[in-house]
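Trainee: Chains as they are written, first to last, in our numbering: chain A, 1249 to 1666; chain B, 1249 to 1666.
Please note that a few of the clues may not be correct.
Copies of the same chain look alike in the list, so a pair counts if it fits in one copy or across any two.
Claimed, not checked - Pairs of lysine-lysine, DSSO-like flavour, derived with a Cα cap of 30 Å:
1. LYS1274 <-> LYS1388
2. LYS1354 <-> LYS1388
3. LYS1438 <-> LYS1561
4. LYS1577 <-> LYS1470
5. LYS1561 <-> LYS1454
6. LYS1385 <-> LYS1367
7. LYS1433 <-> LYS1274
8. LYS1388 <-> LYS1438
9. LYS1520 <-> LYS1600
10. LYS1275 <-> LYS1410
11. LYS1275 <-> LYS1388
12. LYS1388 <-> LYS1561
13. LYS1520 <-> LYS1468
14. LYS1275 <-> LYS1433
15. LYS1641 <-> LYS1575
16. LYS1388 <-> LYS1410
17. LYS1566 <-> LYS1367
18. LYS1575 <-> LYS1438
19. LYS1492 <-> LYS1561
20. LYS1354 <-> LYS1367
21. LYS1367 <-> LYS1438
22. LYS1600 <-> LYS1575
23. LYS1438 <-> LYS1641
24. LYS1367 <-> LYS1388
25. LYS1354 <-> LYS1410
It should be emphasised that the hints constitute simulated quantities derived from the structure, not laboratory data.
All values derive from a computational prediction rather than experimental measurement.
Protein chains: 2
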Amino acid sequence: MQKYGGSSVADAASVKRVAQRIVDTKKQGNEVVVVVSAMGDTTDELIELAEQVSPNPAARELDMLLTAGERISMAVLAMAIHDLGLEARSYTGSQAGLITDSTHGKARIIDVAPERIQKALSEGAIPIVAGFQGVSKSTKDITTLGRGGSDTTAVALAAALKADFCEIYTDVDGIFTADPRIVKKAHPLKTITYEEVLELSANGAKVLHSRCVEYARRFKVKVHVRSSFSNNEGTWLITEDERKSGMEQAIISGVAQDLADAKVTIVGVPDKPGTAATIFENIANAGVNIDMIVQNVSVGSSGKTDVTFTCPKADGDKALKCLESIKDKINFDSLDYDDQIAKISLVGAGMKSHPGVSATLFRAMAQIGANIEMISTSEIRLSVVTRASIAAKAVEAIHTAFEMDSDNEAIVYAGTGR
Amino acid sequence: MQKYGGSSVADAASVKRVAQRIVDTKKQGNEVVVVVSAMGDTTDELIELAEQVSPNPAARELDMLLTAGERISMAVLAMAIHDLGLEARSYTGSQAGLITDSTHGKARIIDVAPERIQKALSEGAIPIVAGFQGVSKSTKDITTLGRGGSDTTAVALAAALKADFCEIYTDVDGIFTADPRIVKKAHPLKTITYEEVLELSANGAKVLHSRCVEYARRFKVKVHVRSSFSNNEGTWLITEDERKSGMEQAIISGVAQDLADAKVTIVGVPDKPGTAATIFENIANAGVNIDMIVQNVSVGSSGKTDVTFTCPKADGDKALKCLESIKDKINFDSLDYDDQIAKISLVGAGMKSHPGVSATLFRAMAQIGANIEMISTSEIRLSVVTRASIAAKAVEAIHTAFEMDSDNEAIVYAGTGR
Chain A
1249 MQKYGGSSVA DAASVKRVAQ RIVDTKKQGN EVVVVVSAMG DTTDELIELA EQVSPNPAAR
1309 ELDMLLTAGE RISMAVLAMA IHDLGLEARS YTGSQAGLIT DSTHGKARII DVAPERIQKA
1369 LSEGAIPIVA GFQGVSKSTK DITTLGRGGS DTTAVALAAA LKADFCEIYT DVDGIFTADP
1429 RIVKKAHPLK TITYEEVLEL SANGAKVLHS RCVEYARRFK VKVHVRSSFS NNEGTWLITE
1489 DERKSGMEQA IISGVAQDLA DAKVTIVGVP DKPGTAATIF ENIANAGVNI DMIVQNVSVG
1549 SSGKTDVTFT CPKADGDKAL KCLESIKDKI NFDSLDYDDQ IAKISLVGAG MKSHPGVSAT
1609 LFRAMAQIGA NIEMISTSEI RLSVVTRASI AAKAVEAIHT AFEMDSDNEA IVYAGTGR
Chain B
1249 MQKYGGSSVA DAASVKRVAQ RIVDTKKQGN EVVVVVSAMG DTTDELIELA EQVSPNPAAR
1309 ELDMLLTAGE RISMAVLAMA IHDLGLEARS YTGSQAGLIT DSTHGKARII DVAPERIQKA
1369 LSEGAIPIVA GFQGVSKSTK DITTLGRGGS DTTAVALAAA LKADFCEIYT DVDGIFTADP
1429 RIVKKAHPLK TITYEEVLEL SANGAKVLHS RCVEYARRFK VKVHVRSSFS NNEGTWLITE
1489 DERKSGMEQA IISGVAQDLA DAKVTIVGVP DKPGTAATIF ENIANAGVNI DMIVQNVSVG
1549 SSGKTDVTFT CPKADGDKAL KCLESIKDKI NFDSLDYDDQ IAKISLVGAG MKSHPGVSAT
1609 LFRAMAQIGA NIEMISTSEI RLSVVTRASI AAKAVEAIHT AFEMDSDNEA IVYAGTGR
């Protein structure tokens, strides 16, 4: 199973290069199934077209529209493979048996019935499957799996077809210790656990989509993240048990930054039971996704405290409006909104057995004069909020402090692909 | 049933205008089913992309690629209708039940099973169906119907749904006596017979696709060709019986020109039985479509004659190669190739009962100094071949000679649509 993202098939030349790679794999005696995303910026262009026509496009129709993107890329990729002398056949998500629920825009895969793919394989053809899309079991309408859905398609198909492994092709040599576009000395990891990838991607690293990783972990799909622009070995996803039995015992796997969140502070909240519950029930009902929450103990006799949370900038207005509407009910003093924040997260399965990680992080931050505004932790992650303006500098400092710097500069191939 | 072509949905503004027209029709109490082509030049752009990737794109994959075009237009049109407060649902050819054979690129409709369309109608929704495409009965692969296939989709669906009539929207006010881009005084016809439209479209007039007209005639679908840019009544397709019983008894319905053909002359062909058969069997086996054929009687005692035929310029090379390969077998003297010709055709059901039509045509040609190089006739058509350089002038002269000139200039709306 091979999955190629948009940057790997951005133009005709890239499509031909990918076709050659697929043909090489097949000629080495492997059975190959390919999942492909839309070419380059096609999906964004289609969304722009939808916005020109409609301020709030109907969800069913937006899915129908967006799925045109993979239809184009898979067809031209199949053509390019034909020209190299092998038989390739493109299949939509529906034709490939990707059965989903009917939640347009973020459908969940509920079944994979890849009869036509198996038939194509048995006939010696290379199936090219549209990523990101499926068909609703109940309505028979076309659905999409949401951003990054092509990775999920590949893993789900790999599981259903019992593929030996699933190669996810991208424009860098695997999963890096930090974004190589920011940290020049970042290096690709040989292995990373499913849990670490989940934490990284949930915290702003543009690696694999969470649902794809969860699916891979659940169905024990071996995933190999690598570059379509080189033949270098990339990063393999492994279980915690495999990590423990392996030689490599890095404490920290990587550092991620996330600039997409804003910070909302509710000032002067009466410190009594049930207030926080009321606030966050209302916020949740307004459809706002909360990430970090910090509540200080009330100081002195005021009986009041400040509650701070982060949420996507895109949800900021919704959050503020919701809070204003319950101002009298909660009886808080005022609201403070700040969208110039960055969340920096350090992820590593070894963290739980190694004390001192937070101290090292805080010292690195202090040395570049970065103030820490919020802290949140999980078993294998430590996140801090700081100013967006110094985020890149902080990530570099942390990368160095945890001895992740490579001797060589990281290679980003994307420039040659788009 | 309404069908909108590419120029009617060329951009977001056009899509909204068409959506308003559909909503108006529905609000007047009509059940509406819409067939839509790809937006503007989308299909040409997709073909260009295919050519960048592959010199000779695999037919199955080219169909998969091209069908992305209608997927885009139908989805955005449905969105635009939603914004006007009505429910619209887009359907691919496959979802709409357009079952075809498996001839990729020019599939034939073999069945129409529009259950989902009927269900949508019964639920009060407006179905938006992708034109030009279907699904193969045997392979379940996606097929396309060939250029102009969207008209055929509309007529086939109209027949299956027993629609009262099928409106084909274009960028002029119906079917004209001549191409209004060439003849300023051309005027739209109120009615035209199926046979006349077939002759016009087979002879270079860019009106309805032949297969669509044949389908409409066979299944008695009432077709109304009109503009999506105005509310003017357009042209209705009628039977010959309806024409005879009607008031209007025009001898001539229109004049068409075709610049797509080339003329091949085989000089010095031995005038003996079987020679022509051998020539045209070989030409046919080479996949060359022949239009007109002229063979003069051999003059004097040479026992040799010249055979001239016309074929699409695109087939010219193939025809010449084929003839060279049988030169020794046929024993002709030489070949002459001329791609600077125009075929001008006069079409009218009244022609058969009115002598003097050819005389009027020849006089009109003579008056502008146009030489007639070949002549061919059918029951309701008279075609002549002349120099391409004077074709437009000849068409205008003929239009005037047959008293088809209108007092007003023809309106071409396309400029506002693309």
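Trainee: What are the numbers of the hints that this structure violates, sorted from low to high?
Mentor: 3, 4, 7, 8, 9, 12, 13, 14, 15, 17, 18, 19, 21, 22
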